[in-house]
Each structure stands twice: as structure tokens, then as C-alpha cells.
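Chains as they are written, first to last, in full-length UniProt numbering: chain A, 1 to 188; chain B, 1 to 536.
Careful, some of the hints might be misleading.
Claimed, not checked - Each pair of labels, with its calculated beta carbon distance range: (1) G509/B - P161/A: 34 to 42 Å; (2) D35/A - G51/B: 18 to 26 Å; (3) F80/A - Q453/B: 48 to 56 Å; (4) R469/B - R85/A: 53 to 61 Å; (5) N280/B - C72/A: 52 to 60 Å; (6) I155/B - V47/A: 25 to 33 Å.
Read the hints as simulated data drawn from the structure, not as lab findings. This structure is a prediction, so every number in the text was calculated from the model and none was measured. Backbone N, C-alpha and C define an ideal beta-carbon position, used for all residues, glycine too.
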Amino acid sequence: NGKIEWAMWANEQALAAGLILLTGGIVGVAGQFRDREFAAYSIAAGVFVCLLEYPRGKRNKGTSVERTGQYCFTVCVKSFGPLTRNYYVRAFLHAAICVPGGFILAAVLGCVCLGIASLIYLAAAIRGEQWEPILPWKESARKPVGESIKLPPQNPPPRPPAEMRRKRAEDLEAAAYVNPIAVTANDD
Amino acid sequence: MALSVRSWVANEGGKHLVLVLWLGANTLLFMRTFLLYYCGQQYHYLHQMLGLGLCISRASASVLNLNCSLVLLPMCRSLLTYLRGTHTVRSRKARRLLDKSKTFHMACGVAICVFSVVHVSAHLVNMVNFSVRYSEEFPSLNVARYRGEVRFPGITGILLVLILFLMFTASSYCIRVSNYEIFWYTHNLFIVFYIILIVHVVGGALKYQTNFEAHPPGCLRANQTNPDKTEEESGQAEGDGRSCREEARFQPNSPETWLWVSGPLCLYCAERLYRYIRSNSPVTIVAVVRHPCDVIELRMLKKDFKAHPGQYIVLNCPSVSSFENHPFTLTAVSWFKRFTELLLPDPGAESEILPMVQQRRYPKLYVDGPFGSSSQEVFNYEVSLCVAGGIGVTPFACVLHALLDGWRHFRLRRLYFVWVCRELQSFYWFAELLCALHHKLWKENRPDYLNLQLFVSQTDGLQNISEERYRPLSSRLMIGRPRWKLLFEEIGRTNKHKRVGVFCCGPKGISRTLHRLCNSDRYSGTTFEFNKESFS
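Here chain B stands alone, though its shape is the one from the complex (with noise of 0.2 Å):
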């Protein structure tokens, strides 16, 4: 399948031009430290002192400060739903871009951890030549007490790469799918690691010389007579214009790490802050409902909540435990703030939960949210395709009890909607939704609005929806995996020169498949944008 420019600009043009212009401002900045080290007058003596390792450790510590300062900014969520959703960000494009804030923050933590590498082994090159090069002629630069000291190295920069160690190997993907807890507690330390690294930067072990007009750099040799020499030579060497008229004088580097760090740190911590008094009122669980696949269905009430369809909340039950929050997708929001939303909760959380639940002793919940996701686009587009995965059709259930709701407004024109399942039970959860939704359309003259297509992929047993007041789905329910290119194909054809809005929530397989599909060119001038749900 051939990649099409025109596809790929349009799929992947924005991420790779934030990306670019990320690895510039990295490159610029650790160029321009090095250069001042390098190069700099006032930090002539301390270079000859310390060599390479002290440019090479001062300009990854101003790539350090970037990549901390700009770690933080992808992770206030609720700005970013607010940048989404009030069209404060007028550009689609735009908002794609917001789609890929965890990528971003991904980006600038391995950034960190990179550059810290590097950081750490300069500066332990540069405690040896502290050592070994104990400078006589300007005591006030050295950091060693004496020739051939051993010192210990400052503990601030120890417990920094601890605590980024005990981050770092909890975030890998493995570790955040199976054992999420862990992951959510060794982040919660980022708070230590900024405090520590504020007070790092105040050490002061670098010094810069103040005086370099008065007494340039290199001038002290002129003025150091050799006893062997004789006066000539010792007048030539005073004679190539330059005298000093005074002793060197140092100062400490003034730190700016905290000009980088503390407006992103007072922004996130405002941002937990909000969040967690926006989820302080607990919400009423008015009803629940059990699906077939060990599904439950929650409808809630919550005072002065206003969510958009698409959008997902994060779920805190103190019962099963008091930390945990787990995302989910609403399913339904309506005008009178109530909301539903379907969970597929584990097997630990179900047992615990359930017994309560039974007995009508419904566990207090907290909500926070709601959050933007790339969902919230459907409605954005002329014509979109969504495609869920099983449990993932949540998303996509809400948008279309907000198309149940009043369809003409928005500038959705036509929607595909392609639902796979493993089990045909699954599609019970939301096939009155489906069939009410079908028969709206039908009565208001528009059929080809909605094009449904059901996928059981379990192939072996015999399946079919027969409840009579499902016709709608059984006609069009086909068995086994569907044939993406060929579906795709038929939505270039009926809509030529279009842009098309698609849409997975679901298995990794079926949105890489996907993706690929929309970056490539068979579809007589019709332009596939690929947006994906994530959550973990």
C-alpha cells in the first residue's frame, strides 16, 4: 500500500512539526550553553580548570530545565479539556495536536532521563578535575579542599536521579497496564523531585569571574614573571595590549532553574487542586444496571455537572480503594446533569462492589472530570467513521444519544458506525440505543445518515440477534473480522473529496491497521484523519 504525501501530511504533519520544532528549541539551547561555556570570558579559568565536562554539564542542565519546565504542561488535563471544548482553539488541526499530550509528556520524560545521564557523568568528570586540578592561583573556584581530595558528591543530585529512577522504571507500558498502582504512586513523587531540585541549583559549585574587563583572561600569566625569563621577554609578553589592573573575582552561577520550573509546578498543583475539589461532592448512583459480559451500567447524579459527549471521567471508589482512579467513558449525558456510563470493572473491584450493590447499599463514588478525549470530534466532521472494539464502544454510545437528541444542528452529515465484538451478547448493551436511533432516521427521511455494520469475530457456534424488535441489527450483523480496505474503498467512492473523520476505540491491532489505512492513497480524492482513544 502506497503512503500518500497528501494523507500522510494531513494524518501525521502536525505531531512531526511539534516534534521538529521541540528537538530545535533542545538543540538551541544546549548549543548556546555550550558556547558560553566554551567560548565565554567569565568562564575562562573555569574551563581551563574542569575542560569539556563543564560545558557539557551546564548545557544539558539548561535542556534539563526546558524539558522539567515543559513535562508538566501536557498533564493539566482540565486546561487542555478547556482548550478543546470551548473552541478557544479554533483550528481542528489544533486540537488533533491536543490528542497527543501524553506523547508529548512521554517525549520530555525520556528527555530528562537522557539528559540526566549525560548531566551526572559530566559532572562526575568534573568532580576529578576539581580534584586533580586544584587550582593555587584562584582558590575561590575550587570546590576540593585540597589536591587529590575525594569529596562526596552533593546528595541532592543523588536522591534526584533516585527518585527519577524509581519514576522512570514504573512507567514502562507493561508495568502501567498490569500493575497500574504502581505506576500512580512512584509519579505522585514528582512533587519531591521538583522540591529537591530547586534546592540543587543553590549549591553554587560553579563559578563565574565578574571582573573580566578590568582583568581579562589570561592576562595574570603576562604579569607572572618567570625568574629565568629576562625583561624583554617578559615586557613582550605584557605588550599584546592587555594588563591587569586586578585580581580575579568569582561569584557563584545565580540559579534559574526556578525561573523555569515554578510557573508550570504553581499551574499543575492549581490544576490537582481543582480537581480534587471539583470531585470532593460525592455523586448519587441512581440506578445500576447489569449487562450480559460481565458489563454494569451506573446512571448518576451530580450537582452542577456539565459534560460533552465523548468526554470520560475518572472513577474513585474509596471502598474498593482509596487512591485508585480509573478512567471510563460516559455513555449518555443529558441536560439534568445526569450521566451513565458503562464499566467493564475488574474481577477484584466487580466482587466487592456487586455484594454492596445488590443489597441496595450503593458504595459512595467520586468523579473527576469530565476530560476532553479526540471523540469529541465526531460532530466535527462532515463525515466520520467510528470504530469500536468491544467494550470500547463507549464513547462512541454517547455520541450517539446526543444524535438521538437532535441531529440537524450539528455538521455531522453522514456517520459509519462498525462495531466488532468477540460474543454476540456484547451487543446487547446498547442495541435499543442503536435500533431507536435507526428507526429516528428513518422516520425523518434520512437513511443513509447512519450506516451500521455489526462484526461478531468469534466464528464458531450459530449466532444471530432474533428478537423481532432488533431487526434492524440482525440484518445487519456479519460474522467474523471485518475488511477494512474494502470499507474504506466504499467510503471514498460515495464520498469523493471529502474529509472523513475516523475514529477507534479499541484493540491496538484494529487502530494500527487503521492508521496505516488512513496514511495511505486509494481514495479517489477522499482524505481519512485518524484519531485515537487512549487511556492508559
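The shape of chain A in the complex, shown without the other chains (with noise of 0.2 Å):
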């Protein structure tokens, strides 16, 4: 069974209550509803964790599959080293990000569908995950190929002791040894 990566399942929700977050906001400044300076920050906070969260991490065993066109996003998160890497930051941020949205109606989806995640990514924390960033595969990382392969052999093939591959005729139980490839007659 498995370890179960909570850190993959609160990256898709952070993601999903970044984006209710910024439609809330949408919704909050267009429909002019009161308040409209937490629509606004619900829509740049929206945008900011969409940002954040667009860069998938690296599974720890198995095939991580990219979002398309992650690899500018995932440069920038993984600039910023440490913070972006440990999980408790994540889930402090999200969880600090979330409140002001909890003050109008239009966020508050937002802001608990945010709070959400940001639990998750406690739970992936205590469990000690960690983000990686999925880079492009290089070439140099394949072991280098031996120069001796490259040359015809100059010996030839190890064989058994003299007085092993000497017949001998008294006692030919003993002097039989085992062909390392089975010989077998050419009857066809």
C-alpha cells in the first residue's frame, strides 16, 4: 500500500479555491456589491495562489505529469528555495490569504474552500513532504559509456584451469564441467 501524497491533492484544491477565489472577486466588483476593496484583494489573492500553485511537484516514486506549460512558473517558485519548498509555509500562507476573504459574501467560498487546502498542506507537512520541482530530464545524467566497450575484445574468452580442461580418461565423471551455454545436437 502505497504512502498516500497529500501534498498533490491540496495542490489541486488550492489551485481550484484560487480560482473561485478570483471568480468571487469578479463577481464582488462587477455586481457592486458593498465593500468592493476585499473584492479587489480577493481577486489579486486569487491570482497570487493560482500563480503559486500552477507548478506541479515532483512525485516521490512514479511519473510526475506536468501541467501544460508549467516550466516558466516552476523557475519562479523554485527561486524562491526554502519557502516555497516546505509544505508548513504553504499551508501558513493559504491560511493567513484566506481570512480577509471570509469578510464579504462573494469570498467566502473562496476563503473556506482556501482553508481547505491549507489544512492538507499541514497534513502533507507533518508527513514531510516536500516540493520539488519537475526539471526537464538531462542528458548528462546517464551513466557514461566505458571507452573499453568500443573496442573489439583483444583476449579471448576465460577458460577453466589446465588440469581441469585435461581429459582425463580414468575417471571422466569428474572430468566433465558444465558448458555455460546448452549445446544441443543439429538434428533438423
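Dock chain one against chain two, each of which comes alone in its own frame, and use the hints as you go.
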């Protein structure tokens, strides 16, 4: 039973929550609700969360599936080093971001969803998960091919020592040795 | 490669027709409900108060009703297996549509999410309008208690969105592939979703006018006399022919979600109950065989178990995990209710099962199924091409077993079997079966019935099947990847003007290539119909 990687689910949730915050903020601004500054904050927070969460992290084992075009986001997020690698930081960051959203109706849903994502990130952090960037596979990671393989062999293959090779007529059984490759008679 | 209209229609036509019908139904429902609230007389005052938000929220709600009821139907797997197997659905084209049931489920799910967003946004605007445009004329129409009230919105709506959020975020492809348990547990929250959904509409916030004949909307303004107007002006306003006889009366909309949803929900719950009861009798493990490349074969016996070649079952092993169920195809089904299957267990499960098995303490296993899949159609084509990648050979192994028992009574006249593996050792899983079938067909003078091609895709190292008894295999073994275009051309040349069923069970790369080739056009009048197996 493989270990569940909670961070992957938290990442999907945070991305969706960012979109919900964004949508709620747009409705709040366009629908002429009161407290439009909170709606504007919701838009900004939504965009920030989406940018942070867009690049998927690398799985511990197995192949990681990238999101389309996530390479430039990966580079940006990677450049923050331990701030983005550590999931405790992300959990508290999301918890802090979602609080102001709770003040207006339009962003309440985004706030609750981001709060759930923050809790799952906390669970992932407690289990010791970390965000690793998915970087393109480098050619140099392959082991270099040894030089000696490119030349034909100079020496014949090794043989058993001379006294074993010499057929001893008095003891045919002991004189036999096992052929490494099975030899069968050619009758076709 | 040019796209051939005929091939495309043969392969994709049915699916796209269903898609168009579904989109049409959604659009029709949306427009009808929108116009009802926009123009309907009984909603005139409500529309005045709420504006466009009313129409959009109600229209999206009716689309949500439709999709919430449709989304359950493709998941009634036993019902679909019955429809597929017993030829209730006569046409092969219609049965091919059943292969796409999971895709349809996902389409309805996405529609539910999209329209939920629309519905919630429209209701947010409605909330504001209820508060800002509080109506003193018609107090019973209001939801707010006074003008400018900020009211906390319906708790059921918020709960529904949260459950949908959890279900949707856990059902992305990469989570299903890596952490299937998260997907399974969150998706089973659907029952809570439906219960809250039925409660959600009982609120009755939106009301319609019941007496619009006696009180035509807009007539109140004619009755209200403006103190500045003269007698003639107010008399003129009344003179457009309609007069109010009574006060407007309002009544909440009766909830109709339960009408849409209760049928499919009961059907699905009955299906789950049936599957649970059927799978409750444990199977007897008769033998466990270890094969090369970390594969084990389980031979099992179960009472009243009847399956057809190509079907799959879902295994549950409580000693590994009580709630997880994993699908596996059956590799052999016989008359005596024995069946075997080849498992590629993931390392965790294997390390737990194997020690128990080695000490002959077989773990208890529960089997749910069998369920139908597209591989059952192999026998219904005159010519079939089966492409297997690695462990994906299992459904075709069942087909080969069935042919070994008797091939004359099927419609199938020729089978092309291509098996691509990474390692040579994998071919030993079914080497006996392939050779036995080959010999049988030679003896019965049908050497061209089975065309076998084996490919080893890992090209380094010396590789050969050296056993004498597997000679038919070693002469058909090729190193490297298959050249699909050439294979299709050859099949097209030798089977002109026939319909060839293409069945693929393997990695996505292969199945995408084959799908593309089936839709393209170069094969002397032969049509290739693509059928794909998928489990996740």
C-alpha cells in the first residue's frame, strides 16, 4: 500500500480555491456589492494563489505529470528556495490569505476552500513531504559509456584452469564441466 | 496522414452524435427556463426585483438538475454489463457507445461544476438585489427582512459547493493514477451531496405569482394614483384595458429536483447494494502461481459465477485494505466456475500477500463483477486486431482461452495478435497458451486464423526464446517496436472491404497511435474500428 501523497491533492485544491477566489472577486466587483476593496483583494489573492500553485511538484515515486506550460512557473517558484519548498510555509500562507476573504459574501466560498487546502498542506508537511520541481531530464544524468566497450575484444574468453581441461580418462565423471551455453545436437 | 471521412464517421460518429444530443438538451433546457423567468407573467415582479440574476440562476439550476440525474447512469456498471452482454442492445455500434460511459460521466461532472459556478455567482447577485431592492409593495416577495440587510446565504448551498469542491479536486487524472484512495473516498460523498441537494431546493426563496389573471402584472401602477396627476391622466393609464381586481398573491416554487434525481439515485443505490450482496461470498483460491517479472496468477472458484471472455472483475482483499477495490481482467473463464487472472500487484500489496501465500494461508478475497468491457466484442467482428502492451495482454488471454475451447461457432474468422513487451521474460506468462492455440489451428487446417507477432521493445542484450516447445513463438519474435502503419497496410491488403475491429490494451502512446491510424485513410476500402480498454 503506497503512501498517499497529500500534497498533490492539496495542490489541486489550492489551485481550484484560487480560481474560486478570483471568480468571487470578479462577481463582487462587477455586481457592485459593498466593500469593493475586499472584492479587489479577493481577485489579487486568487491570482497569487493560482500562480504559486500552478506548477505541480514531483512525486516521490512514479512519473510526475506536468501541467501544460508549467516550466516557467516552476522556475519562478523554485527561485524562492525553502519558502516554497516547505509545506508548513504554504499551509500558514494559505491560512493567512484566506482570512480577509471571509469578510464579504462573494469570497466566502473561496476562503473556506483555501482553508481546507491549507489544512491538507499542513497534513502533508507533518508527514514530511516537500515540493520538488519537475525539471526536464538532463542528458548528462545517464552513466557515461565506458571506452573499452567500443573496441573489439583483444583476448579470448576465460577458460577453466589447465588441469580441469585435460581429459582424465580414468575419471570421466569428474572430468566433465558444465557448458555455460546449452549445446544441443543439430538435427533439423 | 489524411483523415478519411468514412473512417472517422465509423470510429467517432456515434460518440459525437451523443455529445451533440447532450449539448442540445442542455442548451434547450437553459433557454427554456431563462425565457420562462424573463418573460413569464407569474415571475414579472420577481424579475423586476432581481433582474438578470434570477433568470440565470434558475436556468443554470435546471441544467444542474438534468446533469445531476444523468451523471449517475453511466456508473451503473452491472446494468451496462447486462445491456452489453445479453444482446439486448442489438447493434454493435450502440454497444460501442457503452465503452464511453465513463467519459460521459466525466462530461456531466464537468457540466455540474461549471454550472454550479454560474448558479452560485447568479445567486450572489440575487442576494444583493434582495437586500438593495427590498420591495415595500409586495412584502411577501422578499427574502431579506429589511432594506439593506446582509443576510447569511443558504447553508445547504455552501455545503454542496464544498462537497463538490472536494470531489472535483480529487478526481483529476494524476490523483487517480497516484492516490486512488483519495479519489474513491471523496467520490463516495456523492450520497451526502444528493441528500443535501434535495433539502437545498425546499427553501422556497423564490416565489411566483399565483393570480396573474386577476392581477395582471403592471396593473398596480395604474391603480396607484399619483397625487400630482390629474384625474384624466390616471384614468388614461387604466384605459389600456387591464384592471386589478385583487392584490398579488405569491407562492414558493415547488421543488422539482427530487423528480429528476430520485430515479437515477435509487437505481444507482440498488446497483451498489446488488454488487455488495453479490460480492459478499468470498472466493476460494485454488492455486497461486508465480510468473516471471513479478506477476502472480490466481486461480479461484466462486459459486454462481458466470463470466464471458473479455470481462473484468474488481478484487478486494481485506487483509491488505478493507475499502480498496482494484480492477483486474480475467484471463480464463471456464464452465466450471473457475477463473484465473493475472495480477501485477503493486509492491506494497505483494509484500503482504506473498508471505501469507507461501505459507499456504491464502488471504480472503472478495470479487465484485464481472463487468463488461470492450474486449468482449472481439468475437463479433470477422477480422480483429488485438494489440497488447505488457500486462495488458490479460483480456486477450481470456479470448485465446475461449478460442482454444472452440473457435468455429464465433463470427471471428481471423485474429491478428500483436503483443509488445519490455522484457523477454514476460512472454512466458502465456507461451503455453499461444503455442497450444497455434498447434490446434494447424491441426484443424486453419493456419491463417491466428497471426501472431511478438515484439520486445528493449533492444539491448541477446534475446531469444530458446525452448524447443516454444518454437512457433521464437520464429515470430521481433526485436524493437512494431511499425503500425505497415501492419495496418498489410491487414488492409489481405482483408479488403471488411470491417476490422481494433482492440488495444496498453500504454497511452500505443493506443493514441492506433486510434489515429484507424481514423486515417489508406487501406483499400477496409474500415478499422477502434475499441479501447481502460480501467482508471
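Each hint, compared with the structure:
no. : hint                        : verdict
1   : G509/B - P161/A: 34 to 42 Å : 52 Å, violated
2   : D35/A - G51/B: 18 to 26 Å   : 21 Å, holds
3   : F80/A - Q453/B: 48 to 56 Å  : 52 Å, holds
4   : R469/B - R85/A: 53 to 61 Å  : 57 Å, holds
5   : N280/B - C72/A: 52 to 60 Å  : 53 Å, holds
6   : I155/B - V47/A: 25 to 33 Å  : 29 Å, holds
The structure fails to meet hint 1 from the earlier list, while all remaining hints are met.
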